[in-house]
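Novice: Sequence:
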Amino acid sequence: MDQQLPDLLADLTNAQREAVSHMDGPLLILAAAGSGKTRVITRRVAWLLQQGVRASNILAITFTNKAAGEMRQRVEDLVPGNRVMIRTFHSFGATMLRQYADRLSLDRNFTIYDSDDRNKIVKQAFEATGMDNTSFTPERIGGAISKAKNKLILPDQYGRESSDFFTQTVARVYPIYQKKLRDANAMDFDDLLFLPALALKTNAELRAELDARFRYVLIDEYQDTNQAQYELARKLSMDFRNLCVVGDPDQSIYGWRGSDIKNILDFETDFPDTKVVLLDKNYRSTQAILSAAGSLISHNKYRKKKPLITDNERGDPVRLWSYDTGLDEANQIAGRIKQSVANREYRYGDVAVFVRINALTRSLEQAFAKHGVPFQIVKGFAFFDRKENKDVLAYLRVIVNPHDDLSFTRIVNEPARGIGKTSVEHLRRFAEENQLSMLQACAHVARITEIKGKAAIALKNFAAMIAQLQTKLELQPHEIIEEVIDKSGYREMLHAGKNPEDEERLANIEELISAAREYGEGNAAGTLGDYLEQITLASDVDGWNDQQDCVSVMTLHSSKGLEFPIVHILAVEEGILPHQRSMRSDSPDELEEERRLLFVGMTRAKKQLHLSHARNRDFRGQFLLAVSSGFLNELPSDEIEHHAETRHANRTLSHDMYRGGSKQADDAWDDTGVSRSGAVVNTIKTDAGVEYFEGQIVQHEQYGIGQITSVGGFGALRKLKIRFATQGEKTFVAEKVKLKVVARK
DNA sequence: AAACCGGCCATTTTT
DNA sequence: TGGCCGGTTT
3 MDQQLPDLLA DLTNAQREAV SHMDGPLLIL AAAGSGKTRV ITRRVAWLLQ QGVRASNILA
63 ITFTNKAAGE MRQRVEDLVP GNRVMIRTFH SFGATMLRQY ADRLSLDRNF TIYDSDDRNK
123 IVKQAFEATG MDNTSFTPER IGGAISKAKN KLILPDQYGR ESSDFFTQTV ARVYPIYQKK
183 LRDANAMDFD DLLFLPALAL KTNAELRAEL DARFRYVLID EYQDTNQAQY ELARKLSMDF
243 RNLCVVGDPD QSIYGWRGSD IKNILDFETD FPDTKVVLLD KNYRSTQAIL SAAGSLISHN
303 KYRKKKPLIT DNERGDPVRL WSYDTGLDEA NQIAGRIKQS VANREYRYGD VAVFVRINAL
363 TRSLEQAFAK HGVPFQIVKG FAFFDRKENK DVLAYLRVIV NPHDDLSFTR IVNEPARGIG
423 KTSVEHLRRF AEENQLSMLQ ACAHVARITE IKGKAAIALK NFAAMIAQLQ TKLELQPHEI
483 IEEVIDKSGY REMLHAGKNP EDEERLANIE ELISAAREYG EGNAAGTLGD YLEQITLASD
543 VDGWNDQQDC VSVMTLHSSK GLEFPIVHIL AVEEGILPHQ RSMRSDSPDE LEEERRLLFV
603 GMTRAKKQLH LSHARNRDFR GQFLLAVSSG FLNELPSDEI EHHAETRHAN RTLSHDMYRG
663 GSKQADDAWD DTGVSRSGAV VNTIKTDAGV EYFEGQIVQH EQYGIGQITS VGGFGALRKL
723 KIRFATQGEK TFVAEKVKLK VVARK
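Reading the first sequence from the start, the letters are residues 3 to 747 in my numbering.
If you are wondering where the hints come from, they were derived from the structure by calculation, not from laboratory data. Be aware that one or more of the hints could be misleading.
[Stated by the list, open to error] Once the Cα atoms are required to be at most 30 angstroms apart in a straight line, the calculated DSBU-like pairs of lysine-lysine come out as:
{"no.": "1", "residue 1": "423", "residue 2": "454"}
{"no.": "2", "residue 1": "489", "residue 2": "389"}
{"no.": "3", "residue 1": "462", "residue 2": "389"}
{"no.": "4", "residue 1": "474", "residue 2": "389"}
[Unchecked claim] Derived CB-CB ranges, DEER-like:
{"no.": "5", "residue 1": "82", "residue 2": "110", "range": "26 to 34 angstroms"}
{"no.": "6", "residue 1": "168", "residue 2": "214", "range": "13 to 21 angstroms"}
{"no.": "7", "residue 1": "648", "residue 2": "267", "range": "38 to 46 angstroms"}
{"no.": "8", "residue 1": "210", "residue 2": "455", "range": "53 to 61 angstroms"}
{"no.": "9", "residue 1": "644", "residue 2": "493", "range": "52 to 60 angstroms"}
{"no.": "10", "residue 1": "57", "residue 2": "311", "range": "32 to 40 angstroms"}
{"no.": "11", "residue 1": "635", "residue 2": "168", "range": "35 to 43 angstroms"}
{"no.": "12", "residue 1": "57", "residue 2": "452", "range": "57 to 65 angstroms"}
Even for Gly, the Cβ is constructed at its ideal location relative to N, Cα and C.
Use the sequences and the hints to build the structure in full.
Specialist: Spelled out as structure tokens, the structure:
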């Protein structure tokens, strides 16, 4: 080997070396959490280059753009100046669609619609079917279409397989939805996988070409691929079967959006001569953390059994915290972090807080602010969701893609130009009848008799302004934004400033401009279209700055692939983790996925792991009962240290701060059937032998967690009143109702 | 045409 | 709790 090249294998374990230096043929790397997976992939890319494989023949797929960037950097450090394509699946799909647009009869300037856009188009498509209002939300119908695309089901195929009313509805919406997207020259997220996968399936020539172009394909987080992604991977690896996939079935957490854990479990069947490498040693976490995580995940039935091993020290026990309220939880965690940093035990940047749902970040935000703890919420681009920024982006979209009627409608009267709803509807109808985009239709506004003088002139002027802006397309993105807010009158509108928040809006746009400028500096060749694509395809973690010394707050899903010395996981409670929606008795898979989600969160921790729950939680403005998650009972007691942070001293005071219910909830905490006051409560026993009593906490299939507020009646008429966490109070016949008594320890 | 108001609703996770 | 829709007023 050339002495000047870095020795890429020297510091690896045997298993890692085997994975890195495998040359041709399919390769499956089963990599347990913390087993040095990223290192192996980057090393492997570098090793292939060192063996003389051309950079342009390698394709590496990661799960987030951030991961792609990091991998690019690490490969660059090992083999400077290479041009390996490292992308997310979606970004790869978008690139292919643009690159081969002509051969696929597509317009390469397509807009990428996000889920908000998608739901709006679904709504329009639903209305176009002429069906009556059903109870199906656009989100639900859109979700079904998304799943169909992930399974590569075409609009007309969907109709043939539809049976019940919901799928029949979807079957009617789906074709119209898809046509609307094509008319607007827009792709939804799923199209970025769906269309390339279909193209590779039906266009043999293109498939062979791309297969030869990407001779070596590496895919990270393979356990989270869906059928469309699977198809892409396969079709790129038929003539050149050098497909390397890396993943861990125990970390599959995207089943809800169509990913199929079978892809990784069946890989060896799909590729019979697969070489399998097991990376099972963990280099990340302490023994205590691993043993707790391992004990939890061993409760999953649908799973290959495998031990979690490490040479690391035992370390601190996993700490389990009980709080009276969610507010206490947030405040005490903030306080303890602050104290530990003051004691120089660790830095703020070492700490991460994970939550199951985004709504839970709010209390943390307040608590951290109150205690003066620096933090960042990894909800990356909430910034681009602000109205003013969405408006500006809509202008940019229309400039790049004049067919984008959705964006056109958003901005045609923003700022107000005297173009009202009715005029816009007339324009839309005319455009539809004449197969034009709404922007194109503006040129023929004189022919639309319903649109009168003022509105007609305004539309003409609007179209002229867009045309004028389109001549600026070769400018840098941030310069175009400046043009947009000047020429459109947006800046003027905000400057006129009637509302106090106008100033803030202007500041937000300024921030958008500097973000665009920053983008331009890093991507000198980046067009406006590239910039828009980057924004739309950005994930939450892509906006996360890991250099800052502050606490990171994020969802468990976002935490995948990351690691932190100190990890807190909040609200490990029934209904939250596992989430209500996953607890239907007919879907054990979903419950297992929730368990994997907690497993992923736990295995992010290197040194300290804190799990917590509260007995009462503020949710949606209501103060509700909370019960610790059954998952906590699946942890090994000898690795766990319990901390009950109750506030007995000022219990009454704390209760006075909230609306009713919490006193009862506290009484209910004793599992004795006897309230704290000592009074015996009503108890009834059903014929099936189940005993119910007041104050007991139960779970109903449909309504979720609740507390029995009263029992009464005799014989077949015995009734239970149950107050549910989210559904209010309901009455049931004790013999009939199916309840699960929530067990606690 | 636009601003304003009040009621109703849902309410996981994300590219 | 707040975001959205639909209706009403100016």
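Novice: Between residue 57 and residue 311, does the beta-carbon spacing fit 32 to 40 angstroms?
Specialist: holds (36 angstroms)
Novice: Looking only at beta-carbon atoms, does the pair residue 644, residue 493 fall within the given range of 52 to 60 angstroms?
Specialist: holds (58 angstroms)
Novice: So if I understand the rule, the pair passes when the alpha-carbon distance is 30 angstroms or less; does residue 462 with residue 389 pass?
Specialist: holds (25 angstroms)
Novice: Is 13 to 21 angstroms respected by the C-beta to C-beta distance linking residue 168 and residue 214?
Specialist: violated (43 angstroms)
Novice: For the range 35 to 43 angstroms, tell me whether the beta carbons of residue 635 and residue 168 fit it or not.
Specialist: The hinted range 35 to 43 angstroms holds for residue 635 and residue 168, with Cβ atoms some 36 angstroms apart.
Novice: Between residue 489 and residue 389, does the CA-CA distance stay at or below 30 angstroms?
Specialist: holds (19 angstroms)
Novice: Is 38 to 46 angstroms respected by the C-beta to C-beta distance linking residue 648 and residue 267?
Specialist: 45 angstroms Cβ-Cβ, so the 38 to 46 angstroms window holds.
Novice: Against the range 53 to 61 angstroms, how does the distance between the Cβ atoms of residue 210 and residue 455 compare: consistent or not?
Specialist: Since the Cβ atoms of residue 210 and residue 455 sit about 59 angstroms apart, the hinted range of 53 to 61 angstroms holds.
Novice: For the hint 57 to 65 angstroms, verify it against the beta carbon of residue 57 and that of residue 452.
Specialist: holds (58 angstroms)
Novice: Does residue 474 pair with residue 389 here, judged by a C-alpha cut-off of 30 angstroms?
Specialist: holds (24 angstroms)
Novice: Take a look at whether the Cβ-Cβ distance between residue 82 and residue 110 falls inside 26 to 34 angstroms.
Specialist: Holds: the Cβ-Cβ distance is about 31 angstroms, inside 26 to 34 angstroms.
Novice: Is the straight-line distance between the alpha-carbon of residue 423 and that of residue 454 30 angstroms or less?
Specialist: With a Cα-Cα distance of about 13 angstroms, the restraint between residue 423 and residue 454 holds, given a limit of 30 angstroms.
Consistency with the previously given hints fails for number 6 only.
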